[in-house]
Amino acid sequence: RYVRQLQRLQLLFSPTAADARGAREFVEEAAQDFARQHPDVVLYVSPHSGPGPAPVLRAEYLNGTVRDELIASKTSEEIVQLATKLANQSGLDIIRIRKPFHTDNPSVQGQWHPLTNKPSILTIQGPRLQPQ
Amino acid sequence: MVVLSAARWVRSRLSDRFWRVQEVLKYARHFRGRKNRCYRLAVRSVRRAFVRSTKARREKKRSLRALWITRIEAASLEHGLKYPAFISNLVKSQVELNRKVLADLAIYEPKTFKSLAALAQRRRQEGFLAALGDGKEPEGIFSRIVHHH
Numbered sequence: 003r004y005v006r007q008l009q010r011l012q013l014l015f016s017p018t019a020a021d022a023r024g025a026r027e028f029v030e031e032a033a034q035d036f037a038r039q040h041p042d043v044v045l046y047v048s049p050h051s052g053p054g055p056a057p058v059l060r061a062e063y064l065n066g067t068v069r070d071e072l073i074a075s076k077t078s079e080e081i082v083q084l085a086t087k088l089a090n091q092s093g094l095d096i097i098r099i100r101k102p103f104h105t106d107n108p109s110v111q112g113q114w115h116p117l118t119n120k121p122s123i124l125t126i127q128g129p130r131l132q133p134q
Numbered sequence: 184m185v186v187l188s189a190a191r192w193v194r195s196r197l198s199d200r201f202w203r204v205q206e207v208l209k210y211a212r213h214f215r216g217r218k219n220r221c222y223r224l225a226v227r228s229v230r231r232a233f234v235r236s237t238k239a240r241r242e243k244k245r246s247l248r249a250l251w252i253t254r255i256e257a258a259s260l261e262h263g264l265k266y267p268a269f270i271s272n273l274v275k276s277q278v279e280l281n282r283k284v285l286a287d288l289a290i291y292e293p294k295t296f297k298s299l300a301a302l303a304q305r306r307r308q309e310g311f312l313a314a315l316g317d318g319k320e321p322e323g324i325f326s327r328i329v330h331h332h
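As you go down the protein sequences, you meet chains A and B in turn.
This note's numbering puts the first residue of the first sequence at 3, with every later residue one more than the last.
This note's numbering puts the first residue of the second sequence at 184, with every later residue one more than the last.
FYI, nobody ran anything at the bench for these hints, they're computed from the structure.
Backbone N, C-alpha and C fix where the C-beta goes; we use that ideal spot for every residue, glycine too.
Honestly, I wouldn't trust all of these hints.
As the list claims (entries may be wrong) - Here are the simulated PhoX-like cross-link-like pairs (lysine-lysine), alpha carbons at most 25 Å apart as the crow flies: (1) B:K209 to A:K101; (2) B:K265 to B:K297; (3) B:K265 to A:K120; (4) B:K209 to A:K87; (5) B:K265 to B:K283; (6) B:K283 to A:K101; (7) B:K297 to B:K275; (8) A:K101 to B:K238; (9) B:K275 to B:K319; (10) A:K120 to B:K297; (11) B:K244 to A:K101; (12) B:K265 to B:K275; (13) B:K294 to A:K120; (14) A:K101 to B:K243; (15) B:K238 to B:K218; (16) B:K275 to B:K294.
Claimed, not checked - Stretch-level coverage of chain B by chain A, calculated; a stretch enters the list once three of its residues show a Cβ under 8 Å from a Cβ in chain A: (17) 192-202; (18) 291-298.
What the hints assert, rightly or not - Chain A side only, calculated, beta carbon under 10 Å to chain B, not exhaustive: (19) A19; (20) P55; (21) L72; (22) Q111; (23) G112; (24) T118; (25) K120.
Construct all of the structure, not just a fragment, from the sequences and the given hints.
Structure, rendered in structure tokens:
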């Protein structure tokens, strides 16, 4: 079964700031539809009065990563798209994956070492060999 | 009094300059010197770093292929074959393994690589016989070509 990795979305904005207009419109119109479409994500709307930090959409994931996305001067539709993008992500850090594959046992026949293709007389350690 | 437009002497001021600066500085954090702290220097360095990383993607393919070729050459010399002979005879025996896989086999599966080297050697000998013999000897076994239709 699919478990959504996004735990909660916090919408931190100030109701009087000019750049939080998109956030206010999102809360008025699209927040309820978004919350209904994603029932396993908790949506918190926390307006802080007065001039404060820039409006931010904070996403917290099940593995503990917190991702802040600026929503200053964004329209309501863009915020909806951003929220759906965050909801479909997992909380893994967004860095370059070095290799798309991984094995715990890369070698079946034994990894090469400088003595693999040498005559085995070199590796024998025993009582002093008779000179031939 | 109805005000339809904002007064001309009220201008909007930038409030998220910090984040705009951080967007650039976060890519410069591992640089050396003042370019990892000062925005003005960091902008130039970050742009150059991005340009270099785009160009390096084409170089990476070349340098990795050269690395694989070096490794295959070393491994085949251990088995008494030179790299051109090894590769050409493998191709003639219809073994379509690329250099990346051959290098990984040489490192992690040395016995498989030894058998591939033996195959290439056998095909080489058959090639010599076919070219120099020119007689009524039968064709070599490993020189037969399988047609996939």
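Here is what the structure says about each hint:
Restraint check: the Cα-Cα separation between K209 of chain B and K101 of chain A comes to about 24 Å, which is no more than 25 Å; the hinted pair holds. Straight-line distance between C-alpha atoms of K265 of chain B and K297 of chain B comes to about 13 Å, which keeps the hinted pair within the 25 Å bound. The straight-line distance between the Cα atoms of K265 of chain B and K120 of chain A is roughly 18 Å, inside the 25 Å bound, and the hint therefore holds. Using a Cα cut-off of 25 Å, the hinted pair K209 of chain B and K87 of chain A holds, with the two alpha carbons roughly 22 Å apart.
Proximity of K265 of chain B to K283 of chain B is assessed by CA-CA distance (about 18 Å); at most 25 Å being required, the pair is judged to hold. Among the hinted pairs, K283 of chain B with K101 of chain A is consistent with the structure: their alpha-carbon atoms are about 14 Å apart, no more than 25 Å. Among the hinted pairs, K297 of chain B with K275 of chain B is consistent with the structure: their alpha-carbon atoms are about 18 Å apart, no more than 25 Å. Simply put, K101 of chain A and K238 of chain B have alpha-carbon atoms about 20 Å apart, close enough for the 25 Å limit, and the pair holds.
Restraint check for K275 of chain B and K319 of chain B: the C-alpha separation of about 22 Å stays at or below 25 Å, so the hint holds. Using a Cα cut-off of 25 Å, the hinted pair K120 of chain A and K297 of chain B holds, with the two alpha carbons roughly 12 Å apart. Annotation: proposed proximity of K244 of chain B to K101 of chain A holds, straight-line Cα distance about 15 Å (limit 25 Å). Restraint check for K265 of chain B and K275 of chain B: satisfied, since their Cα atoms lie roughly 16 Å apart, inside the 25 Å limit.
This hinted pair checks out: K294 of chain B and K120 of chain A have alpha carbons roughly 13 Å apart, not beyond 25 Å. A C-alpha spacing of about 14 Å is found between K101 of chain A and K243 of chain B, which places the hinted pair at or below 25 Å, so the restraint holds. For the hint linking K238 of chain B to K218 of chain B, the alpha-carbon distance of about 22 Å falls within 25 Å, and the restraint holds. Distance restraint check for K275 of chain B and K294 of chain B: the Cα-Cα separation of roughly 21 Å lies within the 25 Å cut-off, and the hinted pair is therefore satisfied.
Three residues within the 8 Å Cβ limit are the bar, and the segment 192-202 of chain B against chain A gives 4, so the coverage statement holds. Counting residues of the segment 291-298 of chain B whose beta-carbon sits less than 8 Å from any beta-carbon of chain A gives 6, enough to reach three: the coverage restraint holds. Of the supplied interface hints, the one on A19 of chain A holds, with its beta-carbon coming within about 8 Å of a beta-carbon of chain B, less than 10 Å. Contact between P55 of chain A and chain B, as hinted, is supported at the beta carbon level, the nearest pair being about 9 Å apart and thus within 10 Å.
With its C-beta approaching chain B no nearer than about 6 Å, L72 of chain A sits inside the 10 Å limit, and its interface hint holds. Proximity of Q111 of chain A to chain B holds as hinted, the smallest CB-CB distance being about 5 Å (cut-off 10 Å). About 7 Å separates the beta-carbon of G112 of chain A from the nearest beta-carbon of chain B, less than 10 Å, and the hint is met. For T118 of chain A, the interface hint holds, since its Cβ comes within 10 Å of a Cβ in chain B; the closest pair sits about 5 Å apart.
Interface hint at K120 of chain A: satisfied, since its Cβ lies 9 Å from the closest Cβ of chain B, which is below the 10 Å cut-off.
Figure legend: structure checked against the earlier numbered hints; every hint is met.
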